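Asker: Listed in order, the protein sequences are those of chains A and B.
Going by numbering that gives the first Met the number 0, the first residue of the first sequence is number 0, and it counts up by one from there.
Going by numbering that gives the first Met the number 0, the first residue of the second sequence is number 0, and it counts up by one from there.
Don't read these hints as lab results, they were simulated from the structure.
Mixed in with the good hints there might be a few duds.
Remember, identical chains collapse to one label, so a pair may be satisfied in a single copy or spanning two.
[Said to hold, decoys possible] Result set (DSS-like, lysine-lysine): computed pairs, CA atoms no more than 25 Å apart in a straight line:
(1) 112 <-> 97
(2) 416 <-> 350
(3) 185 <-> 217
(4) 100 <-> 431
Remember, it's a predicted structure, so these values are computed and weren't measured experimentally.
Below are the chains, spelled out letter by letter.
Protein chains: 2
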Amino acid sequence: MTGIEEKANTASQASLELANVSLEKRNEALQNMEDAVRNNEKEILEANKKDVEKAKKMLEKGEYTQAFVDRLKVDSKKVKKIADMIKSVSEQEDPLNKTIKARELDEGLNLYKTSVPIGVIGSIFESRPDVLPQISSLCLKSGNSVFLKGGSEAKHSNRVLYELIKESSEQAGIPEGWVQLIEARKEVRELLEQDDKVDLLVPRGSEEFISFIQENSKIPVLGHARGLCHTYVDKETDLEKAIQISFDGKVQYPAVCNATETLLVHSEIASKFLPKIVEKYKEANVKIKGCEKTLDILKDDEIEKAEKADWDSEYLDLEISIKIVDSLDEAIDHINTHGSKHTESITSENKSRLLKFMESVDSSSVMANASTRFSDGYRYGLGAEVGISTGKIHARGPVGMEGLTTYKYYLVGNGHKVDSYSGENARSFTHKETQNLWSEKREEWSQD
Amino acid sequence: MTGIEEKANTASQASLELANVSLEKRNEALQNMEDAVRNNEKEILEANKKDVEKAKKMLEKGEYTQAFVDRLKVDSKKVKKIADMIKSVSEQEDPLNKTIKARELDEGLNLYKTSVPIGVIGSIFESRPDVLPQISSLCLKSGNSVFLKGGSEAKHSNRVLYELIKESSEQAGIPEGWVQLIEARKEVRELLEQDDKVDLLVPRGSEEFISFIQENSKIPVLGHARGLCHTYVDKETDLEKAIQISFDGKVQYPAVCNATETLLVHSEIASKFLPKIVEKYKEANVKIKGCEKTLDILKDDEIEKAEKADWDSEYLDLEISIKIVDSLDEAIDHINTHGSKHTESITSENKSRLLKFMESVDSSSVMANASTRFSDGYRYGLGAEVGISTGKIHARGPVGMEGLTTYKYYLVGNGHKVDSYSGENARSFTHKETQNLWSEKREEWSQD
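Extracted from the complex, chain A is given alone in its bound form:
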């Protein structure tokens, strides 16, 4: 048995116990974790300093960017933020033991569809040290064991955070081994093979990174490889709104997955709209690439011709491609062909055109007269975000803690057998929806 197999067995065993740890105890453990982070700021900052110093050397060699080093850095304010985040998770509603549906099947035979943890989550992420405490808190609150593999550039920071979390949570009575750290890259390969023990992978990182994981594991993956989002400006649009939304989608924070990468503009409004938005983009130093028709309208030497590859490019930067389309259908086709099923936006004052766009575009989030940048767990009011999924199975779009749960059917009878419902004198099922709550049954039964 390899080290990872052993760890997976331990995590899986712990998950069976953790599934039944009370909300009180889970929250107590989260409070312990919060305190541990607050009380060990010095230790965290020292560990982080080692990572940052190494990263600075790489920066000098030109291997890292300044932005990369900045994201890695943890200061007092960041430590406080991490502790606050853990606190906010402890304050969230319990995602477990919720009665999703209750149904009487027959007299004295009651079904409860109840939320339960998934089991063992594998979280693989790059750089940012605050991901580790965030995903650990969400997993603990939702009763899941978790494997953590951070980027090697944050090795020291991750190690100290992991140790604080493990120690403080296990002291509060959380089953030992519920949280596991992986540090070597070759261990990731082994983790990806544990499909009988690890139930879900939640990777965060670059497109290549996510694709690598999807290609190399049979474990279901929740996440997104690309965020190639579009904003479509319809012919019947309010120009001012269209400008605000197109500008916000690209410029407000271009490095993230829900930023707009391609602007589609209806040909009937292009000559009015394009000069205005392009002026604003240029003020904000956005590099612009346009289709032939765009170039014809703008007659601006600074605007490059968009190549075929541009329609499939996620720039993640102050860069945008613009295409003029002759119809709503052409816009929809372009998105369904080149998009990543992440987020698209339409600006239009014609409601039936809004509706057609929203229902025809095959993406996890579609905005009518609002920026693509809204698609985010916090803005959607889901609490802390597990990630954004562009898959269609299990959870889609911004995913909150609910995405770390599944359900279980509990059927409570009193000697009921299936044979009574067949043959002569067969009983019939009543199949009545009820307001029964598993939590009440649970309360009653635990007194016995």
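Once you have looked at the hints, place chain B on chain A.
Answerer: Chain B only, in chain A's frame:
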């Protein structure tokens, strides 16, 4: 491009249109399908006759069992049943455009989490010709395109049913190519590779068959390879109920996935309970295998010693293994080690022991004082069943039409940009749950 790639492109394109076909039109198409089945009984029976005749020859050669040939056979009654099943699907509630959650993010900025089709479903199944119309109806009602691959032994029956369904539904205006038939086995391999076009596989069949599919595709799989279900008779049990439930679980229909395969009995009740249940099992010709302790108590030469492999065997027949356990924990451990996460049952009059068992056993359905045989979509009141899933992602346990849907976030604003919520004078989100319905917005907008 291979034939399957082309078919997958067509199905995927059709699915984008089908997602927006109205409930009225989907139901009209289902009615057309129902009529086509009823009006072409002769054609169906003739095609089926060819399959059955071929199967009978295989039966003579000893390659098929009588039960296999029986399952293949379609008569007038079965044709009527198929048509009735299509009718019942048309009468079910629309699974699409349901507002799962609605939330105001800010004034004039409203989020709708709305049910939508998954896209393209791949259904691969063995023998029984009624699976093809069932899965086609469920996919059409839920707005999905579907690939159908039946067993070669039902080739003629499946072909004629497929043609009737395709023609009658497309006549009613369902996008051409929404339903695709695969007949050659090598095409299945190609289908399994279409992970960019096929969104979900729903296979039915033997353990080897499902495992093969899980091993050979990156497409998510909904289903179960094994149904190794347990009934546990606790020490504080009502003997009569325990006998009824243990008997029903094994004998009522042993060939199915929710039948009990292993009986676990608490040692304190074993000498009272075992002679009684064994007498009943023997009357029903159940072959019994027992652990050492079981043999000691029963002292019956007809009872074989259970080998290690028996605890992992899904007999699917009148055969059961019996194990005596010394504690509730031992029963739980045995199930979590040897079970298939399908269905388990406990009989006990002690509520806290019922609770512990139900919450500790990591299976999709857990029964308290009711037979394992209840875990089934029809009995659970889910309508026609897509399948039973032992995975933990997306859908678990018996899966109804809801399992063929996912959701999409619709955000409706009025020029809203994310930038307004940051920096000085930042607006705050209101995050209020609302009773807004996407279906109402949809109705209003489609009038425009």
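Asker: Hint by hint, note whether the structure agrees.
Answerer: Status of the hints after comparison with the structure:
In this homomeric assembly, residue 112 and residue 97 come within 25 Å of each other (Cα to Cα) both inside a single copy, at 8 Å, and across copies, at 19 Å. For a Cα distance limit of 25 Å, the shortest separation of residue 416 from residue 350 across copies, 20 Å, qualifies, whereas the shortest one inside one copy, 54 Å, does not. In this assembly of identical chains, residue 185 and residue 217 lie within 25 Å of each other by CA distance both inside one copy and across copies; the values are 17 Å within and 22 Å between. Within a single copy, residue 100 and residue 431 get their C-alpha atoms as close as 11 Å, and across copies as close as 23 Å, so both meet the 25 Å cut-off.
Violation of the numbered hints given earlier is absent; every hint is satisfied by the structure.
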